[in-house]
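Taking the hints into account, I'd like the entire structure generated from these sequences.
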Amino acid sequence: MTSFVSLSSAMARGFFRDRTALFFTILFPLMFLVLFGGLFKDAGASKTDILQIGAVPVVDQLPAEAAAGLDQVLAVTRTSDRAAALEEVRKGDKAAAIEQVGGELIVHYSAADAVKAATVRGIVESLVQQANLAAAGVTTPAVTLRTQPVEDQSLKAIQYMTPGLLGWAIATGATFGAALTLVTWRQKKILRRLRLSPVPLASVIGARVAVSIAIAGAQCAMFIGVALLPYFGLQLSDQWWAFIPVMIAGTLAFLSIGLVAGAASKTPEAASAIANLITLPMAFLSGAFFPLDGAPKWLQQLSEFFPLKHLVSSMQDVMVRGESFAVTLPDIGLLLGFTVVLAGIAAFLFRWDDA
Amino acid sequence: MHGMSPTIKVEELRKAYGELRAVDGVSFDVQPGEFFGILGPNGAGKTTTLEMMEGLRKPDSGSVTLFGESPWPRNPRLLPRIGVQLQASAFFERLTAREQIRTFASLYGVSARKADEWLAVVGLEDMAGKRNEDLSGGQQQRLSIACALAHGPDLVFLDEPTSGLDPQARRNLWDVLRDISAQGRTVVLTTHYLDEAESLCDRVAIMDHGRILESGPPATLVRDLDAPTRISVETGTITAEAARGLADGLEVSDDGVSLTIATRTPAPVLSALAERDALRGLSVRGATLEDVFLHLTGREYRA
Ligand SMILES: Nc1ncnc2c1ncn2[C@@H]1O[C@H](COP(=O)(O)OP(=O)(O)OP(=O)(O)O)[C@@H](O)[C@H]1O
Ligand SMILES: [Mg+2]
Chain A
1 MTSFVSLSSA MARGFFRDRT ALFFTILFPL MFLVLFGGLF KDAGASKTDI
51 LQIGAVPVVD QLPAEAAAGL DQVLAVTRTS DRAAALEEVR KGDKAAAIEQ
101 VGGELIVHYS AADAVKAATV RGIVESLVQQ ANLAAAGVTT PAVTLRTQPV
151 EDQSLKAIQY MTPGLLGWAI ATGATFGAAL TLVTWRQKKI LRRLRLSPVP
201 LASVIGARVA VSIAIAGAQC AMFIGVALLP YFGLQLSDQW WAFIPVMIAG
251 TLAFLSIGLV AGAASKTPEA ASAIANLITL PMAFLSGAFF PLDGAPKWLQ
301 QLSEFFPLKH LVSSMQDVMV RGESFAVTLP DIGLLLGFTV VLAGIAAFLF
351 RWDDA
Chain B
1001 MHGMSPTIKV EELRKAYGEL RAVDGVSFDV QPGEFFGILG PNGAGKTTTL
1051 EMMEGLRKPD SGSVTLFGES PWPRNPRLLP RIGVQLQASA FFERLTAREQ
1101 IRTFASLYGV SARKADEWLA VVGLEDMAGK RNEDLSGGQQ QRLSIACALA
1151 HGPDLVFLDE PTSGLDPQAR RNLWDVLRDI SAQGRTVVLT THYLDEAESL
1201 CDRVAIMDHG RILESGPPAT LVRDLDAPTR ISVETGTITA EAARGLADGL
1251 EVSDDGVSLT IATRTPAPVL SALAERDALR GLSVRGATLE DVFLHLTGRE
1301 YRA
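Sequences listed follow chains A and B, in order.
The first sequence lines up with residues 1 to 355 when you count with my numbering.
The second sequence lines up with residues 1001 to 1303 when you count with my numbering.
These are computed hints drawn from the structure, not numbers from a lab.
Mixed in with the good hints there might be a few duds.
[To be verified] Below, in silico cross-link-like pairs of lysine-lysine (BS3-like), each with a Cα-Cα straight-line distance of 25 Å or less:
| id | chain 1 | residue 1 | chain 2 | residue 2 |
| --- | --- | --- | --- | --- |
| 1 | A | LYS266 | B | LYS1058 |
| 2 | A | LYS91 | A | LYS41 |
| 3 | A | LYS188 | B | LYS1130 |
Structure representation (structure tokens):
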């Protein structure tokens, strides 16, 4: 136990004193977040802002389920000041203002933004039809409107990018950390020296696991901290912290990839090359940088084979889509299974010494 | 020492790297508490022999036992009892000298305080806060030795511990090594300094081309060599011609700085020189381990 603690601390000190490693594991991915978070700040915000003047029973009396569906596409602000509301629409601050006068539902819109106006009209029209059907006593209408957001278009860019880039950062950090420690410790004869001491190999690997998880934790804190700044405006789900188990499982999976890369290479250069070759294409093909929804079917199927895909999609599910921890269980299982297989390969390839 | 089982038993050890037979049938015993030296030119096979004894390399054939057990494969029962300083020092990256030795010490369950004491023993307390990358070669060497000794091993392997040390550090280290030897610990070291071997070792083995050429206490080896004593005076004090006439069977050489007379009976030669008042720059040198070494291994360079 003491040897595990002291090796972990030796490894952690070595890492935090290595400016290059710090830059590439923490600052570099964070730069991506800041850059893209800034660039696509307003992209993907597909909710349309409208005003509701006074009471609008058609909207107010919607069943809960339908109201929630409407919420996905319309952001409704209630007001009683009719003149101010119309002025806002005229200036283009809001897409439309709705008002109900007796049996008449009025949509005030500006012709300036035809697309948004049409969206609002379409939605409101369907609401009116539903209301009419209900009034006519048709409780189970032949056709009903259900507004279903295509998920990632409904997510603001920062919502999508924070878990995506964070997943990529964790993957790179864990892979490079494990690969480079293994190779440089072997090359600099530290492993050889450790072999002469009574430290169990499990403590050496355990120390790397602990340090990798600590680094992943630091990455999460930095990423979430930055993305939460009002400028970027990340909004976390209520149970966002439920991503922690899948984050740890992902760290282990990539750590085991790193151990294989490190065990198979003789020089740090070779280890970095292998690690890059694995993590970089995987990041593109796993939806860490951009959504795969628009990608060809075969690519979406292929992505299922990549651990990063499972890490990122589970992190998105709980951090920003409001899903529960249970949703991540299959991915956690997959990632851990992957870890076991790769750790086995790494153990088989492991050498204390290259002489 | 009779009746005691040896601390180290090496039998017919062999190791080849491809065609090259680096260690080619080496056998010796080291008794408990003995200070044993392995001498030999570069490439003689000293490090390879040591690494097989430490359990870092698997012998092609032959056997090693330490305290009655085999060090190969990695033997957790032996590891706490042995201390190793490798020829190429190995340190954790970007740790200070103090963090370095404390980390190693903790792997053996040794306290930080004890580790710090060892830093002082090798004279590095002022360097404690420096990263190992910023230490000089000799300072790294001393740190590496301290890391090998901090857990108080019963058996110590040191591969050229004093290479790269200044004369003060070298003498200080000798004192440290004499100390641990006096505590009853067994020490095996390799060195290229024959004065070091002569001064520290109870017994030495002289190796070349992977074989042991000779072994025994340094004094015995020197005596058995039966080499002449060399008497030197400053060139010009006496002519070579005159020197040859001082006694029978003298070998005289003059390198332009000093004139050297080799003889097995130094006393009459010295008094003859004194009679002629030809003692300017006199030095008398008996045979040393170096003579034994050069006699056994020759003078040509090694690859
Ligand atoms: N890993 C290796 N692969 C191939 N040849 C090796 C290896 N290690 C040592 N050798 C060769 O084996 C021979 C013995 O080497 P060794 O290191 O044991 O010598 P040494 O006596 O310790 O020399 P030195 O005084 O220079 O330290 C040398 O010829 C060396 O070139
Ligand atoms: Mg050597």
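Hint-by-hint comparison with the structure:
Taking the CA atoms of LYS266 of chain A and LYS1058 of chain B, the gap is near 20 Å; set against the 25 Å cutoff, the hint holds. Between the alpha carbons of LYS91 of chain A and LYS41 of chain A the distance comes to roughly 22 Å, so the proposed pair stays at or under 25 Å and holds. Using a Cα cut-off of 25 Å, the hinted pair LYS188 of chain A and LYS1130 of chain B holds, with the two alpha carbons roughly 19 Å apart.
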